[in-house]
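All chains, full assembly: derive it from the sequences and hints.
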Amino acid sequence: MGFFSKLFGKNEPEQTQSIDTVAQPAAAQISIDTAKVISLLGGKDNIANIKTTAYTRVRVELKTAVADIAPSLSETGFDGYMMINGKVFHLLAGLHADAACDALKAKLV
Amino acid sequence: MKILAPLDGIVFPITDVPDPVFGQKMLGDGIAVDPVNSVLSAPFSGEVTQLHASHHALTLRHSNGMELLMHIGLDTVMLKGEGFKPLIKEGDKVSAGQKLIEFDADYIAQNAISLLTMMVITSQHEELVIKPESGTVKAAKSTILNISFKGDDQVDEPEVDNQQPAAGITVSEEITIPNPVGLHARPAAMLASVARSYSSTVTLSLSGKSSKATSITGLLGLNTKLGSVVTVTAQGEDAEKALAAVLEAINSGLGENVSSVATKVEAPIEEAPLIGQHNTDPMVLIGVKAAGGLAIGEVFKVDNSRPDIPEQGQGDSLEVDSLNKALASARTELETLKSDLTAKGHDSQVEIFEAHRGLLSDPEVTDKTMELIVRGKSAAFSWHSSIAEQVVALRGLDNPLLAGRAIDLEDVGNRVLKHLLEISDQDRQLPESCILVTCDITPSDIITLDLSRVVGVATREGGSTSHAAIIARSMDLPYIVGLGEQLERLNSGDRVILDANKARMRLQPSDELIADIHSQQEQANVKKAADLSVADQPATTIDGHNVEVVANIGNAKDARDAIELGGEGVGLLRSEFLYMDRATEPSEDEQTEVYSEIVKVLGPDRPIIIRTLDVGGDKPLQYLPLPEEENPFLGERGIRVGINRPSMLRRQIRAILKASKHGRVRIMLPMIACLNEFRAVKKLVLEEQKDLGIESIELGIMIEVPAAALMARQFAKEVDFFSVGTNDLTQYTLAMDRGHPKMASRADAMNPAVLNLIGLTAEAAHAEGKWVGVCGGLASDTDAVAILLGLGVDELSVSVPSIPEVKAKVRELNLKDCQTLAQNALTLDGAEDVRELVKNRGEK
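Order-wise, the sequence lines are chains L and X.
Here the first sequence stands for residues 1 to 109, where the numbers follow the working numbering.
Here the second sequence stands for residues 1 to 844, where the numbers follow the working numbering.
Calculated directly from the structure, the hints in this document are not laboratory data.
Think of the CB as a built atom: it goes at the ideal place given N, C-alpha and C, for glycine as much as any other residue.
Check before you lean on any hint, since a few could be wrong.
As the list claims (entries may be wrong) - Computed footprint of chain X on chain L; a stretch qualifies when at least three of its residues, placed anywhere within it, have a C-beta under 8 Å from a C-beta of chain X:
#1 48 to 60
#2 85 to 92
To be verified - Across the chosen pairs, the derived CB separations fall in these ranges:
#3 L:43 / X:588: 46 to 54 Å
#4 L:61 / X:645: 26 to 34 Å
#5 L:98 / X:583: 56 to 64 Å
#6 X:78 / L:45: 31 to 39 Å
#7 X:176 / L:66: 50 to 58 Å
#8 L:61 / X:597: 39 to 47 Å
Now the structure itself:
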């Protein structure tokens, strides 16, 4: 790690592009670009709470509101999303909500 | 046929829905959507044949007979309607794309198993083929299902019972539904599958409706609830077996856990609360006070039943003629009533009957009446049904104020009806000193009562804030409402005591009790006259302590009356009167003029405290839109409104400052909780004082919020005075609504907790050389006067009529004794104990 990136806490570029493939016990799989989702939601420090809810959804609560994430979220692997307000989002993952939620949570620690 | 998506979202195969009722197609085949918007719209044009009581599901019927159940979320029936807002009613015809139900997606997501919304075809069709779409859909734009079945495109009325009566026997039995929310989709589906395995026809019926046990939508349509008693009938070869199986299935809960509720299905009985007054005395009826007072008399029951109204008319022109005559007579009557009232100075009542006159020409009513007359009905029938329709509509509104006006409309309706049917009021001969007992009473009826005969009124229904109640109060007529079924225990001719102050009625009182009350009334009258004769003398205790007794007023007339009765000033001018019942805010000049007029009535020496506007979400003003709050008493109320909208407050402060040139004006701020609120307003007042060149004005606060009492030491350094609003202080200290029927008797300001806060306030005020008054209801309660003086209260601001009585009370007291009494009161356990202490002391 170079001096400047250490100083400013920047990650190495190749690490930000990682794609996590979440294995499902069943044949189906879901690919979520977790890093992209988190950056769309204002970075990991902006995420106040994240949980699976209503069987098919990952519910994310943010500390400060973000603008509508519509255009880019569709490219992250989720089936769809619902903006409840600027601070609460439901990310729809069908039968893979638990797996997707775990994958996002793993990125937060 | 193509069925449109009812939501924006992601299509989800029905077989993936994690609930066997849907996943195993127990209700029928269909499709699910995981929504990303929050309003369900109609997937085709049709009729809403069923809307579930919990508003989470509905059934839509196409003109071709197909029925589609739409069910938002899983297990959402348990939310009991929370999070759902239906935009349609059962029976509505809707068009494709029309919005049906709004829902709170985040609430449902977090409180139910899922938000998946199922669409299931519940009607039976031959050769039904369903082709679901997949992927993302847009509500009312994308197709979500392609359906074809035999008989589509034909108008096919839903199954009509034209089968031959089945052979075999008929058996039936009653059963109580044990499911917590009745037979909703899941248990209905289970029941249907049980019933299908028998050849007999099984029918469930409840209050006139019946359904085959095999029809899920029919079962849903029965609207069963926990505890509903349903009759199950089976007819056919295996009727006995089928009945037994269905009964057993219902008893077992149809897949729901009902063991916990199975035992508590009997009708709810009214329980005796652990504390408070529960009526155990069969000789006492308890109602709600509408107008205070005490009366002894004979029950006179009036049956509100309507006279016979002929339905058929005798030709348009004749009927229209008699309607016009009746309307004209009613108008004349109301005019006479109004001019009588104006002459007596009852302005507020004049307004009520002015409004009645307006209702006579209300197009909603007259158009409808004419329409019916043209169709051959009699004028009386047409008028009566038009009024009745409006009354029902008003009562159904979710607005208590408008619902309360239903009785006004009914009143006008009856007035005209009497003319149409040529009934005169004269045939109702009332006995002497009677207590009128009836279902409900209209303002017209109450105002025309012969007070030489009627001494009190008691009604089954009615409200304590109705127009009739307002009129009864101004007539000094004891009146209680809300007796309900207890009314059945009263018969014409029964002798009763009506104690409207305590909202009760005692049946068959003994002669001693009556004699006792008569002598009490007499004594009270003598005392009242005596108090009045010395009303203009100061209120000084035996040991020479002077207490200022001032008045709570709402306008200039009150100010004049207060001085007449010995008021030494005004402790509270409620400025709301200037702001209420108008379309725009009163201008600064208008306010200045009105305040100045009142200040001039008091003259240069008598003090007057003007309280700034005290409104809130519970009593909004037309031109001051306050958002509807979940909890208006903890919301934007009192000074908080002014703090959030300073320009309106500034105009009022300027008007008060200008009026202060005419006398001794003080300003008081309502609902202060924190010091920074006071400081912010004080800064505003100082700015305007400087602008208007006014040297000084006293600025005080009301103590209504417990926080302000607890912080009185800090406040006392900065305010000029305190005035305790005991009504709100009690409500906020005890967290009990004074208007709550079950709480009102316990929300007593004599509670030591409240008295302690008053004591703290007084102590803090005196430590800084400031004074403290009480302007709430407790100040007018003569039983409380001694304790208030003992706690250190310097000024009592009371209702205008009670000024002489309170002054007289002060003159009986000795401040030293009051202080001992107050200290004792603070150590007691409850309001009853404090009242008991005061009472015993009086008897010594």
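Violated hints, by number in ascending order, as checked against the structure: 8
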